[in-house]
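Undergrad: Each chain is listed here by its residues.
Number of protein chains: 2
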Amino acid sequence: MNFPALKNDRLLRAARGEEVDKIPVWIMRQAGRYLPEFRDLRQKYDFFTMCQTPALAAEVSIQPIQRFDLDACIIFSDILVIPQALGVHVEMKPSVGPVLEPLVEPEDITKLEVPVNVNEKLGYVAEAITLTRHKLEGKVPLIGFSGAPWTLMAYMIEGGGSKTLSKAKAWLYKYPDASKKLLTILTDAVVDYMIMQAAAGAQLLQLFESNAEYLGPDLFCKFALPYIRDICKRVKTGCASVGVGNIPMTIFAKGAHYALEELSGSGYDVVGIDWTVDPTEARNKTGGTVTLQGNLDPCALYSPPEQLKRLASEMVQKFGKTKYIANLGHGIYPDVDPAHVKILIDAIHDVK
Amino acid sequence: MNFPALKNDRLLRAARGEEVDKIPVWIMRQAGRYLPEFRDLRQKYDFFTMCQTPALAAEVSIQPIQRFDLDACIIFSDILVIPQALGVHVEMKPSVGPVLEPLVEPEDITKLEVPVNVNEKLGYVAEAITLTRHKLEGKVPLIGFSGAPWTLMAYMIEGGGSKTLSKAKAWLYKYPDASKKLLTILTDAVVDYMIMQAAAGAQLLQLFESNAEYLGPDLFCKFALPYIRDICKRVKTGCASVGVGNIPMTIFAKGAHYALEELSGSGYDVVGIDWTVDPTEARNKTGGTVTLQGNLDPCALYSPPEQLKRLASEMVQKFGKTKYIANLGHGIYPDVDPAHVKILIDAIHDVK
Chain A
12 MNFPALKNDR
22 LLRAARGEEV
32 DKIPVWIMRQ
42 AGRYLPEFRD
52 LRQKYDFFTM
62 CQTPALAAEV
72 SIQPIQRFDL
82 DACIIFSDIL
92 VIPQALGVHV
102 EMKPSVGPVL
112 EPLVEPEDIT
122 KLEVPVNVNE
132 KLGYVAEAIT
142 LTRHKLEGKV
152 PLIGFSGAPW
162 TLMAYMIEGG
172 GSKTLSKAKA
182 WLYKYPDASK
192 KLLTILTDAV
202 VDYMIMQAAA
212 GAQLLQLFES
222 NAEYLGPDLF
232 CKFALPYIRD
242 ICKRVKTGCA
252 SVGVGNIPMT
262 IFAKGAHYAL
272 EELSGSGYDV
282 VGIDWTVDPT
292 EARNKTGGTV
302 TLQGNLDPCA
312 LYSPPEQLKR
322 LASEMVQKFG
332 KTKYIANLGH
342 GIYPDVDPAH
352 VKILIDAIHD
362 VK
Chain B
12 MNFPALKNDR
22 LLRAARGEEV
32 DKIPVWIMRQ
42 AGRYLPEFRD
52 LRQKYDFFTM
62 CQTPALAAEV
72 SIQPIQRFDL
82 DACIIFSDIL
92 VIPQALGVHV
102 EMKPSVGPVL
112 EPLVEPEDIT
122 KLEVPVNVNE
132 KLGYVAEAIT
142 LTRHKLEGKV
152 PLIGFSGAPW
162 TLMAYMIEGG
172 GSKTLSKAKA
182 WLYKYPDASK
192 KLLTILTDAV
202 VDYMIMQAAA
212 GAQLLQLFES
222 NAEYLGPDLF
232 CKFALPYIRD
242 ICKRVKTGCA
252 SVGVGNIPMT
262 IFAKGAHYAL
272 EELSGSGYDV
282 VGIDWTVDPT
292 EARNKTGGTV
302 TLQGNLDPCA
312 LYSPPEQLKR
322 LASEMVQKFG
332 KTKYIANLGH
342 GIYPDVDPAH
352 VKILIDAIHD
362 VK
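Protein sequences appear in the order of chains A and B. In this note's numbering, each residue's number is its place in the first sequence (first place is 1) plus 11. In this note's numbering, each residue's number is its place in the second sequence (first place is 1) plus 11.
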């Protein structure tokens, strides 16, 4: 595809465990509502129109790269494109969040349109990735991503966000077989989707298990971890077979403090952690085998500048400079001052 | 007050680390919407009217004791009675939850009516406790409770529930001194409130730090733990000075997996844990010094009976039979079948 040569490979080097001149930093949801230029565009277009229009998705993905000295770009999209590809109606309602036509009973699984042809249904993501990669001119690597099966299943059963995920978790207790069937359908779609993203130009792939925090060790090991593992294995094999081998992969299971050992042995190069986990403890639990990513409290960005710099520097002291990618412990909040994002990025890069 | 003699002291024995014939079990929010008899009464009265009317609060508190073989009764009330006592308007809106007149700026702290005379403002809770204790006829001990300062502060700033608590957490980063001032005001009120409950007849006191899950180790150790510790010390001293010494105390900091060591050394007799923490790990971290309480996933109650029995028994195997109080890892959900609550209680008591 004649992509421009990569000029900043800190993210990829750190993901592979290699030495870096400076600590790579990017921010989950960096293409988002805290940026006025994002909000301007968002006023004109519906959320999913932005995802589905490669030129818009590319523009929005690159906005934070034009403004900040970030070490990675992440494609603008949403984890709920997978349920959409399975035929589920999904809308993004302002100040409510995503609203999905919910699966109520196990029989509803039969309504899903499977198998998914991801090239047909989600080809717009591949196009957006290829376009963004060209537009980036090799400045920084491009990250592709997907939601993980349990997280997607939870949205599909709850029909949107929920404080407890009690409907989705009820499935795990009441209908374990149907749950596994649904998780397998989602796994198959995610595998094809991530391979497609790599083939289109994504240089690192991150899997978001955002709803891990609602599970405990037992449910996670039964209904999340096996699919997370399977995805890594199959995506790596699949990428190699389409000639884009050796793509690093990241797993970020928010709230899975109880499964850091398991996650570090699940095949991923990078394990993301949230701010409730102490970096020193995360290093101990993951035994130095993987690169860690995270984990500043998103609310730390509300701090006055000097305090923010101190918090960033203390975080790096705990993680250490190698096998480390700096990030927040979750997506950035819409009311953060962009000037504070710059302060954070510079503080990370300034660490000697 | 001539309270009837206590016939079942399993809860208190377990809290003190003594041997028990059967494992004591109670359920957070056991006086709640999953019971048809509760919903019947709730249809006739506003939520806070029920809290403020001792006869109603007592009736509702005793409902689950009449139905199940529980080892404790907890007084029906709400953690938000403390903000109310400080002059904050609080309403419970159906299908929304609590709505408070929020504190927006640090100056708003001056609007709070301090110091609180808890006997005057919250005397109805004391009355409800005394009445309930008599009505229980010594069947089981009565638990009093309060919200912990950080949890109350978060509600007061957010003005209700929130997915991120980003407004309240912003205070911790931006206004640490004002935050500590507010937390101190709340601590003083909570101390008096808990002593009043003990003097009125509560036989164990539980402090709920329900919003601990939004903090990480650093914020928790700065803005939650010192107040939690202080409350324990002052309540125990205060109880002794009003002649109700030796009342066991429980701290339940939901989501504080990162601070179990600290909590186990904070003076409380019992540490409650949520279902994301493996009981074996909790025992290791707390070093056998405290009694543990918890931690079945509330959604486990959706399981078919045999599976529920197995889950309960597996939980007990991990905690062990001594220094243990069985409970859920959070409050019971409104759509749970009461028949499953009976199955759980019997399964716990059946453990040999």
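Hints listed in this document are in silico derivations from the structure and should not be mistaken for laboratory results. Accuracy of the hints is not assured; some may be wrong.
BS3-like mimics (lysine-lysine), calculated; alpha carbons at most 27 Å apart, straight line [unchecked claim]:
1. B/LYS296 to A/LYS296
2. A/LYS320 to B/LYS296
3. B/LYS178 to A/LYS320
Undergrad: Within 27 Å, alpha carbon to alpha carbon, are A/LYS320 and B/LYS296?
TA: 32 Å, violated
Undergrad: Given the hint that B/LYS178 pairs with A/LYS320, does the C-alpha gap stay at or below 27 Å?
TA: Answer holds: B/LYS178 to A/LYS320 is near 21 Å, not above 27 Å.
Undergrad: CA of B/LYS296 to CA of A/LYS296, is that 27 Å or under?
TA: This hinted pair holds, its Cα atoms lying about 14 Å apart.
The structure is inconsistent with hint 2 alone, although it conforms to all the rest.
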